[in-house]
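Kindly generate the complete structure, drawing on both the sequences and the hints.
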Amino acid sequence: MKMKWQKFKAAFTPAKIRKFLFGMKLTDGFVFKLFIYLLLITIGFVYLYPLLHMISYSLKSLPDLLNPMVDQVPTGFYFQNFIDAFKTLKYFDTMSTSLLVTLVPAILQTFVASLVGYGFARFNFPGKKILLALVIATYIIPPQVTMIPKYVLFYNIGILESVWSIILPATFGQGLNSAIFILIFYQFYRMIPKALDEAAQIDGAGRFYIYFKIAIPLSIPSLITSFLFAFVWYWNETYISTLFLGRSIETLQMRLANFVSAYNAVLGGSGNIDYANEAIRMAATILIILPMLILYFILQRWFIEGIDKTGITGE
Amino acid sequence: MKKLLSRVGHALKTFFLILWTFLKKVFAWIIKIIKKFFYLLTHNKVIMMDYRYLTLFGKLKIRITNKRRDAVYGFIFIGLWVIGFLALTLYPLIMSLIYSLNKVTITAGEGIQFSFIGFGNFISIFTADLDFITYVQAFIGQIVLYVPIILVISMMIAILLNQKIKFRGFFRSIYFLPVIIASGPVINELLKQGAGTIPMIEQTGLLTTLNAVLPSFLAKPIGSLFSQMIIVLWFSGVQIVLFLAGLQKIGKEIYEAAQIDGASPWESFWKITLPSLKNIILVSSIYTIVMLATFANNDIIQHIQKQMFDTSRGYGYSSALAWIYFLLVALILGIVAAMITGRKESKIKHRVGGGNI
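These protein sequence lines map, in sequence, to chains S and L. Residue 1 is where the first sequence starts when you use the numbering used here, and the numbers rise one by one after that. Residue 1 is where the second sequence starts when you use the numbering used here, and the numbers rise one by one after that.
Just so you know, these hints were derived from the structure itself, not from any lab. Worth double-checking, as some hints may not be accurate.
Which stretches of chain L does chain S cover? Using the computed rule of at least three CB atoms under 8 Å from a CB of chain S, they are [to be verified]:
(1) 29 to 39
(2) 93 to 107
(3) 128 to 134
(4) 228 to 241
(5) 285 to 295
(6) 302 to 316
(7) 329 to 337
Backbone N, C-alpha and C fix where the C-beta goes; we use that ideal spot for every residue, glycine too.
Here you go:
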């Protein structure tokens, strides 16, 4: 008994307890760790709060919504909201148009950005510095300045209210945030040693052959990351697409923005009464972010680590 | 049955083989044509090209050096962008400046008509468009308040994540999640429902006290900040990852050396961490400002779009608004960049001066 007590006493001397709690340095004690974890979890909860709110509201039935006693957690799972939202959004039809105006520009933009970035990184030509500065300038210019003449231009060419008004700018490196992608690829290709190119050149490879056979395979991670970001940004973009696509081509985001009128048209409400209650709107919102959420959970490695790897932070 | 299947398989195989050989022939043919085309393109009366000289019109001889070839290839590679820049950025930029100096009317029969009115549009913006001026004030307030808060919060979170902790990847992916889903309509829906705020803030009645105590030009942006706290956090996903990447590039040895010299963590934050993050602070503040300026829920850009289809104001007026907005954003970016990059230089000068004395 006494032996045990001695052992116990030896194991928990005040100094040892202090070391356990506060550590040798400031940053490795138990208290500090606990504090950090609590802080991280709290911030994480705040980040996820809107999502939780969305999920809980989307499952509420009408009595639940009206009952002030039911605050955060619904009394039961009520899936009718999702069915209504699904019908209102015309989910699969709208999804296919959404994918069309998202995937195609994203792929084109990624490819063109890598081409242009390679051009800037590998070749010396007069006016290169000015052109690079102009690339950055295109990022800073708000799209509103060029929007109206572009609108008129597209109208004159006859591609307004068609998919081409989104695809064409992406093809010429003027799509959504194209400048960022060009800079990312510029940074990336500058890091690849030139000796590789020279070796290939001695073996008789042309510039384009080198680009397709050496540069592209090396930059596949960057390509994937850039494509994912372009995809997500195009998916979430509404301002330009609302203007250029008009009412003829509706994406999911645009249908959400006009949800009330769409709801009344599809599920037969009348007048300006808001038949689409919060629960249905939240269900619709969930349906819209769902593809991105799934994509994110499968490919999150590419999203986050991609930013490190592409070397955009190394300027 | 088996015999039949194998026969079908055999037939398919031969079919595809024939198809493949045919396609190969077609491809070879196409490539031949393309090669011939390029040959003609570089070996004609106007342009004559061999390995050393490029001869124009049979007279002008230009030596092909590696440098010149490089330049040509460079322009070929960035050609798409150059065309796009000229046609879809520079031309619209100039056109919108011209629009802004005109009254633009659109008639069904004759298309677009301009009538030059000088700075009329700009004058009427500053004298008659009260909405725009209030929006601009709100925007400047938003930038002044949001950018430092977003930067500080994202830096804090990045520093927290940079500690030796478990589940770092998990926390990081939670903090990055909003970047994936935050779009104009989605955030609009959330704000409509009051899901953009932390419930505690509303319950404590913080907002009403704020409104009572502070003057309205201060209370408004601060109030909107609190009521959109989560949205502010949601805007800082990319910045967190940028800061985290920056933090991980700082060598551990520097901190250890500082510790041996007796620096507290507080001191080493100000003297080591912050100076080495300077570039990233610049990048992320530019990113934040541009993101806030172009976000679809921004009042000013909504206003610009609304004026575009307004019958009495139209494209010219709207272009003038956009140009003012552009200059405003450029000015803000310039000030911020100067603030971030300028500080260190003055410090060095000061130190050098002190040394001389």
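Status of each hint after checking the structure:
no.	hint	result
1	29 to 39	violated (count 0)
2	93 to 107	holds (count 4)
3	128 to 134	violated (count 0)
4	228 to 241	holds (count 6)
5	285 to 295	holds (count 4)
6	302 to 316	holds (count 4)
7	329 to 337	holds (count 3)
Checked against the numbered hints above, the structure breaks hints 1, 3 and satisfies the rest.
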